[in-house]
Amino acid sequence: MDRIAKTTPARSGFDLRQALALILAGGVGSRLNVLVRRRAKPAVPFGGIYRIIDFALSNVMNSGIERVGILTQYMPYSLTKHLGYGESWGLVGRSREARILPPHTGTRASDWYKGTADAVYRNLSYIDRHNPDILLLLSGDHIYHMDYSDLIQHHIESGAGATLAVMAIPIERASNFGTVMVDADGWVTGFEEKPETPQSNLISMGIYVFNTDTFVRTLEEVCGLRRETDFGRHVFPFLLKRDRIATYRFDGYWQDVGTIKAYFDTNMELLNPDSPLDLPRWNVRTNLSVDPRGDRPPAFIARGARVRYATLARGSKIRGAVEGSVLSPGVVVEEGAVVRHSVLMDDCRVEAGAIVEGVVADKNVRFGRESHAGDPGLGDERNRTYPTHLDEGLTVVGKGAAIPPRCRIGRNCCIFPAAQLAELEIESLPSGETIEWETS
1 MDRIAKTTPA RSGFDLRQAL ALILAGGVGS RLNVLVRRRA KPAVPFGGIY
51 RIIDFALSNV MNSGIERVGI LTQYMPYSLT KHLGYGESWG LVGRSREARI
101 LPPHTGTRAS DWYKGTADAV YRNLSYIDRH NPDILLLLSG DHIYHMDYSD
151 LIQHHIESGA GATLAVMAIP IERASNFGTV MVDADGWVTG FEEKPETPQS
201 NLISMGIYVF NTDTFVRTLE EVCGLRRETD FGRHVFPFLL KRDRIATYRF
251 DGYWQDVGTI KAYFDTNMEL LNPDSPLDLP RWNVRTNLSV DPRGDRPPAF
301 IARGARVRYA TLARGSKIRG AVEGSVLSPG VVVEEGAVVR HSVLMDDCRV
351 EAGAIVEGVV ADKNVRFGRE SHAGDPGLGD ERNRTYPTHL DEGLTVVGKG
401 AAIPPRCRIG RNCCIFPAAQ LAELEIESLP SGETIEWETS
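Here the sequence shown is numbered in our numbering, starting from 1 and rising by one per residue.
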């Protein structure tokens with residue numbers, strides 16, 4: 001494959017039009033459980049009207065980068081529909097582009113991406129077509145605000161072949177992430193992938209900058225010749241033996257919402273006026289034309305309803321009580337119903353007299369009259385099927401499920417999408433139980 005030779009960009013005044021961003025958005029995100037049974041993790045709704053990928057896309061837009069490719073694979077439909085042509089992020093025009101890059105699949109399962117590096121390797125022709133000086137590689141499944149132009153400038157000034165964005169966290173939490181070891185000047189000396197006993201409290205944020213020549217040569221060797229497929233396990237250790245890798249220390253807000261608990265807690269931060277999670281100030285954009293969210297009427301709060309510390313999106317109707325919760329467009333809380341410390345996605349309905357507490361519910365879930373979801377009176381056992389997903393008291397309900405009238409659901413429960421508990425004649429579900437439901 002012929003390529004135009006590129007030199008290292010100038011050390012000051014870099015033109016961001018010579019940068020290309022790639023967003024890895026094909027991950028399963030299995031720890032989000034039923035929330036990702038019908039969509040990729042970056043497509044999971046967040047904060048009422050957003051999706052997780054909106055943060056990476058908005059950072060790209062706000063940083064002045066005009067070209068971005070989005071690599072998809074797992075359950076791409078809702079993500080593709082949400083992204084459109086990039087209009088919501090100003091990524092349309094003669095020199096601007098937001099391009100979906102699905103797998104080039106044939107008839108064999110082997111055609112699917114084998115890992116993060118393999119996904120990009122299969123799209124080297126897209127990089128060739130744009131011929132950028134600098135390549136910015138991003139994960140599409142984190143909540144954060146970053147000016148990538150500062151990161152790119154740091155990379156250029158360092159003279160490194162690649163730069164990793166890193167942040168310091170308490171070392172007791174570092175075993176959940178890929179950690180980076182550095183010397184006194186911030187140069188990378190080694191990596192550990194989710195070590196049991198971390199040697200460093202610096203974690204990789206999944207944000208990388210490469211000189212394009214360095215990147216292409218490395219992927220052709222690692223993925224093309226060695227048949228290795230992952231950035232953290234293969235690409236960076238290989239590159240470290242041949243080139244210098246710099247680090248860019250980030251001290252702003254960044255959150256991996258890869259678990260139900262982290263996803264719930266980060267949504268709850270939106271209700272804290274002192275939280276650094278400030279989406280209007282960050283200028284986070286989303287696509288409001290889907291469904292179409294932007295055409296819904298303003299939220300309605302009836303006389304006699306009670307709302308405290310809550311986010312209500314357009315189209316929501318509140319006649320009961322809502323406290324400490326995040327409600328997406330179209331959520332209805334009927335008279336006498338109570339929603340407490342919960343996240344309810346689009347068009348959920350809480351019928352009269354129902355109680356919903358400590359619940360994450362996907363779209364179009366119905367809580368029947370006088371039902372009780374997240375009932376602490378039914379125990380506090382961790383989920384038996386998914387003990388590492390649901391062990392903090394939260395109950396998660398999949399898209400389109402229906403809880404029948406007067407049914408009691410405990411804590412740490414998991415209810416699959418479209419599950420109809422009335423058909424199963426379930427009147428009470430103890431804490432820690434799972435209701436599976438297969439759809440054709």
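Don't take every hint at face value.
Mimicking DSS-like on lysine-lysine, the simulated pairs with C-alpha atoms at most 27 Å apart in a straight line are [to be verified]:
#1 K241 / K317
#2 K317 / K114
#3 K317 / K194
#4 K317 / K363
#5 K114 / K363
#6 K114 / K81
#7 K114 / K194
#8 K194 / K261
Hints are computed from structural coordinates only; laboratory data are not their basis.
Against the structure, the hints come out as follows:
1. With a C-alpha separation of about 59 Å, the suggested pair K241 and K317 falls outside the 27 Å cut-off, and the hint is violated.
2. A distance of roughly 45 Å separates the Cα atoms of K317 and K114; the hinted pair therefore is violated under the 27 Å criterion.
3. Distance hint between K317 and K194 is unfulfilled; the C-alpha atoms sit about 44 Å from each other, more than 27 Å.
4. For a cut-off of 27 Å, the pair hint linking K317 to K363 stands: about 15 Å separates their Cα positions.
5. For the hint pairing K114 with K363, the CA-to-CA distance comes to about 31 Å; that exceeds 27 Å, so the pair is violated.
6. For the hint linking K114 to K81, the alpha-carbon distance of about 24 Å falls within 27 Å, and the restraint holds.
7. Restraint check for K114 and K194: the C-alpha separation of about 20 Å stays at or below 27 Å, so the hint holds.
8. Taken as a hint, the K194 and K261 pair is honoured in the structure, with Cα atoms around 19 Å apart against an allowance of 27 Å.
Taken one by one, the earlier hints fail for this structure at numbers 1, 2, 3 and 5, listed in ascending order.
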